[in-house]
Amino acid sequence: MRQDVCSECGVSGTGSRYLLKDRVYCEPCVGKASREAMEKGESPHYIPLSQSRVCARCGASNELIDFTTLRGQGLCPACRQQLQNWPYPNWLKIGLAGVLLLLAVALVNGRKYFHAGRSLYIGERLVDEAHFEQALPYLQESLRIAPESDKAVLLTAKAALKVGRVDIANNAIQGHEGGHFEDPGEDFQEVKALWDRANKAFEKADKAAKLEDQDGHAAEAAKLMHEAATEYPESKGLAISADMFDEGTAFEDKDYDKFVSIAQKQWSSYPDSGTAAVLSSAFACKYAITEDPNYKKQSEDMLKEAERRGGQTPDDKKSFEEYAERIRYRLSSREIISKTEYNRRFRSAQAKSQ
Amino acid sequence: MFFIPGPVIAALTFPGVIIHEFGHLFFCKLFKLKVYDVCFFRFGNPAGYVIHEVTEDFTKSWFVSMGPFFANTTLCMLFCTAAFLPVWVLRVFDPLAYFFYWLGISIGMHAFPSTGDLTNLWKIAPTRARQGNLLAILTIPLIGMLYVLNFARIVWADLGYGIAVGMLGPVAIFRALARA
Numbered sequence: 001m002r003q004d005v006c007s008e009c010g011v012s013g014t015g016s017r018y019l020l021k022d023r024v025y026c027e028p029c030v031g032k033a034s035r036e037a038m039e040k041g042e043s044p045h046y047i048p049l050s051q052s053r054v055c056a057r058c059g060a061s062n063e064l065i066d067f068t069t070l071r072g073q074g075l076c077p078a079c080r081q082q083l084q085n086w087p088y089p090n091w092l093k094i095g096l097a098g099v100l101l102l103l104a105v106a107l108v109n110g111r112k113y114f115h116a117g118r119s120l121y122i123g124e125r126l127v128d129e130a131h132f133e134q135a136l137p138y139l140q141e142s143l144r145i146a147p148e149s150d151k152a153v154l155l156t157a158k159a160a161l162k163v164g165r166v167d168i169a170n171n172a173i174q175g176h177e178g179g180h181f182e183d184p185g186e187d188f189q190e191v192k193a194l195w196d197r198a199n200k201a202f203e204k205a206d207k208a209a210k211l212e213d214q215d216g217h218a219a220e221a222a223k224l225m226h227e228a229a230t231e232y233p234e235s236k237g238l239a240i241s242a243d244m245f246d247e248g249t250a251f252e253d254k255d256y257d258k259f260v261s262i263a264q265k266q267w268s269s270y271p272d273s274g275t276a277a278v279l280s281s282a283f284a285c286k287y288a289i290t291e292d293p294n295y296k297k298q299s300e301d302m303l304k305e306a307e308r309r310g311g312q313t314p315d316d317k318k319s320f321e322e323y324a325e326r327i328r329y330r331l332s333s334r335e336i337i338s339k340t341e342y343n344r345r346f347r348s349a350q351a352k353s354q
Numbered sequence: 001m002f003f004i005p006g007p008v009i010a011a012l013t014f015p016g017v018i019i020h021e022f023g024h025l026f027f028c029k030l031f032k033l034k035v036y037d038v039c040f041f042r043f044g045n046p047a048g049y050v051i052h053e054v055t056e057d058f059t060k061s062w063f064v065s066m067g068p069f070f071a072n073t074t075l076c077m078l079f080c081t082a083a084f085l086p087v088w089v090l091r092v093f094d095p096l097a098y099f100f101y102w103l104g105i106s107i108g109m110h111a112f113p114s115t116g117d118l119t120n121l122w123k124i125a126p127t128r129a130r131q132g133n134l135l136a137i138l139t140i141p142l143i144g145m146l147y148v149l150n151f152a153r154i155v156w157a158d159l160g161y162g163i164a165v166g167m168l169g170p171v172a173i174f175r176a177l178a179r180a
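Same order as they appear, the protein sequences are chains X and P. When we follow the numbering used here, the leftmost residue of the first sequence carries the number 1, and every step to the right adds one. When we follow the numbering used here, the leftmost residue of the second sequence carries the number 1, and every step to the right adds one.
Since the hints were derived computationally from the structure, they do not count as laboratory data. All of these numbers come straight from a predicted model, not from anything done at the bench. In this text, a Cβ means the ideal position worked out from N, Cα and C, and glycines have one as well. Hints may contain errors.
Which stretches of chain X does chain P cover? Using the computed rule of at least three CB atoms under 8 Å from a CB of chain P, they are [what the hints assert, rightly or not]:
{"id": "1", "stretch": "16-27"}
{"id": "2", "stretch": "85-93"}
{"id": "3", "stretch": "97-106"}
{"id": "4", "stretch": "322-331"}
With a straight-line Cα cutoff of 30 Å, these simulated DSBU-like cross-link-like pairs (lysine-lysine) come out [as the list claims (entries may be wrong)]:
{"id": "5", "chain 1": "X", "residue 1": "K162", "chain 2": "X", "residue 2": "K254"}
{"id": "6", "chain 1": "X", "residue 1": "K223", "chain 2": "X", "residue 2": "K93"}
{"id": "7", "chain 1": "P", "residue 1": "K29", "chain 2": "X", "residue 2": "K40"}
{"id": "8", "chain 1": "X", "residue 1": "K297", "chain 2": "X", "residue 2": "K265"}
{"id": "9", "chain 1": "X", "residue 1": "K265", "chain 2": "X", "residue 2": "K317"}
{"id": "10", "chain 1": "X", "residue 1": "K210", "chain 2": "X", "residue 2": "K112"}
{"id": "11", "chain 1": "X", "residue 1": "K210", "chain 2": "X", "residue 2": "K151"}
{"id": "12", "chain 1": "P", "residue 1": "K123", "chain 2": "X", "residue 2": "K21"}
{"id": "13", "chain 1": "P", "residue 1": "K32", "chain 2": "X", "residue 2": "K93"}
{"id": "14", "chain 1": "X", "residue 1": "K21", "chain 2": "P", "residue 2": "K29"}
{"id": "15", "chain 1": "P", "residue 1": "K32", "chain 2": "X", "residue 2": "K40"}
{"id": "16", "chain 1": "X", "residue 1": "K93", "chain 2": "X", "residue 2": "K40"}
{"id": "17", "chain 1": "X", "residue 1": "K223", "chain 2": "X", "residue 2": "K210"}
{"id": "18", "chain 1": "P", "residue 1": "K123", "chain 2": "X", "residue 2": "K93"}
{"id": "19", "chain 1": "X", "residue 1": "K317", "chain 2": "X", "residue 2": "K207"}
{"id": "20", "chain 1": "X", "residue 1": "K304", "chain 2": "X", "residue 2": "K318"}
{"id": "21", "chain 1": "P", "residue 1": "K34", "chain 2": "X", "residue 2": "K93"}
{"id": "22", "chain 1": "P", "residue 1": "K123", "chain 2": "X", "residue 2": "K40"}
{"id": "23", "chain 1": "X", "residue 1": "K162", "chain 2": "X", "residue 2": "K112"}
{"id": "24", "chain 1": "X", "residue 1": "K21", "chain 2": "P", "residue 2": "K32"}
{"id": "25", "chain 1": "P", "residue 1": "K34", "chain 2": "X", "residue 2": "K40"}
{"id": "26", "chain 1": "X", "residue 1": "K40", "chain 2": "P", "residue 2": "K60"}
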């Protein structure tokens with residue numbers, strides 16, 4: 001039988017022994033030690049020593065080892081170690097590593113979306129501030145990743161229509177389920193109103209273009225084109241076309257000073273191959289009626305400039321060549337004739353001989 | 001309001017339960033508090049628990065109780081931020097993004113500390129606040145609010161919190177970035 005020594009009075013024996021704060025006490029001493037512990041604000045609880053030799057957690061019993069106590073419960077060394085430093089299970093470590101890995105994958109996978117989202121929010125802010133031109137590249141960038149996003153499509157269409165880029169608006173809308181929107185909310189209605197207005201204006205512009213191709217209808221065509229430009233003032237193209245149609249009217253009215261004046265204004269506002277060619281044509285008209293070689297030189301210079309700036313597409317190049325041929329004829333013959341007449345005299349004959 | 005048994009919800013959102021309990025255990029170990037028992041997940045109520053030594057130290061108690069709230073909230077926001085744009089704004093069908101969104105909401109849904117954790121904290125917070133403990137002063141309203149929200153779990157306050165963090169958090173982040 002094991003003999004335990006009271007830590008207070010030093011008496012050893014096999015009688016009742018108690019455990020308080022991991023110290024062994026005999027029955028007379030344990031009451032005093034408990035009171036003193038309470039006065040110090042410490043736990044006054046004690047348990048029979050025999051009870052402390054049964055682990056409260058795993059139930060193991062060992063007469064030879066003094067189990068330590070925790071909140072009045074005996075605990076074997078293994079259980080005490082576990083409670084003081086509870087281990088993380090291996091599956092949990094692997095699981096948490098997996099969560100961190102997934103987080104990394106989520107962030108990498110989300111990188112393209114962050115880019116598109118950032119572009120979208122910047123574009124949205126610029127649209128709110130009415131900076132439509134600056135907003136457009138951001139919104140188009142977001143559309144590249146998310147062509148089905150209602151928000152991205154409607155914002156892009158709105159910004160594009162506000163700067164007269166109906167082609168961009170059309171591409172954005174058609175790329176969204178062929179123009180179908182499930183929730184025709186306020187934004188959709190706003191874009192639809194803009195779209196309808198732009199379409200109506202372009203229908204008028206188409207009619208004007210057809211009229212202009214017919215001799216003697218230049219004034220009517222110019223009037224229609226001005227109506228289209230007024231209806232959809234966001235489109236620079238329509239405004240330019242309206243001015244160009246005024247050039248046609250001036251040409252038809254034989255008011256070549258006005259023709260030169262409008263063509264010069266066009267050239268200085270939008271210097272490109274087309275406006276250079278029109279100015280060359282106007283100078284050629286002035287040369288034809290005045291025989292002033294300065295006009296001829298100016299016309300030839302502008303024609304070279306138009307050629308240098310050249311159109312981008314084969315159609316542009318073809319169109320330029322057709323126009324240049326008539327300007328050169330005007331300069332060489334000093335005869336001012338309409339496109340229809342030129343075609344009748346020279347091109348229809350060519351077509352027949354071929 | 002439709003009723004879905006708690007174990008079903010817990011099973012559907014089990015990653016959140018495990019991460020919540022891991023948070024408790026992590027802070028117990030960090031502050032060397034004794035841990036008596038741990039369950040990371042089970043089909044019962046509660047779905048997980050960490051039984052640990054009660055401490056009078058407010059800071060330790062605060063971290064052990066509130067640590068999982070902040071850890072789960074942060075992870076929810078991170079996962080949902082990564083998945084928010086394709087799911088809600090850009091409308092891109094990316095299965096991975098939907099998976100991350102589920103993971104984020106699951107974690108966020110289990111952010112609330114349990115009533116037991118909050119009760120322990122609530123018992124000592126006013127005393128510590130009167131003693132000038134800054135953490136107690138600053139977080140008493142949060143503790144009170146979470147205490148109330150815990151009862152509102154019956155009307156899906158925990159799911160609401162997960163969704164709110166998973167939606168409003170990313171929106172705030174992206175709007176701030178767009179203005180930067």
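Distance restraint between K32(P) and K93(X), which requires alpha-carbon spacing of 30 Å or less: 19 Å, holds
Agreement of K21(X) and K29(P) with the hint, judged by alpha carbon distance not exceeding 30 Å: 23 Å, holds
30 Å Cα cutoff - pair K123(P), K40(X): Holds: K123(P) and K40(X) sit about 23 Å apart, inside 30 Å.
Pairwise hint evaluation, K151(X) against K210(X), where the allowed Cα distance is 30 Å at most: Not satisfied, since the Cα-Cα distance of roughly 37 Å exceeds 30 Å.
Agreement of K34(P) and K40(X) with the hint, judged by alpha carbon distance not exceeding 30 Å: Answer holds: K34(P) to K40(X) is near 22 Å, not above 30 Å.
Straight-line alpha-carbon gap K162(X) to K254(X), limit 30 Å: Answer violated: K162(X) to K254(X) is near 37 Å, above 30 Å.
Proposed proximity, K60(P) with K40(X) (alpha carbon, max 30 Å): 23 Å, holds
Holds or violated: K32(P) to K40(X), with C-alpha atoms at most 30 Å apart: Between K32(P) and K40(X) the Cα gap is close to 23 Å, so the pair holds against 30 Å.
Agreement of K210(X) and K112(X) with the hint, judged by alpha carbon distance not exceeding 30 Å: Outside the cut-off at roughly 46 Å; violated.
Coverage of the stretch 85-93 of chain X by chain P (three or more Cβ within 8 Å): holds (count 5)
Pairwise hint evaluation, K210(X) against K223(X), where the allowed Cα distance is 30 Å at most: 13 Å, holds
30 Å Cα cutoff - pair K123(P), K93(X): 33 Å, violated
Of the hints listed earlier, those the structure fails to meet are numbers 1, 4, 5, 6, 10, 11, 16, 18, in rising order.
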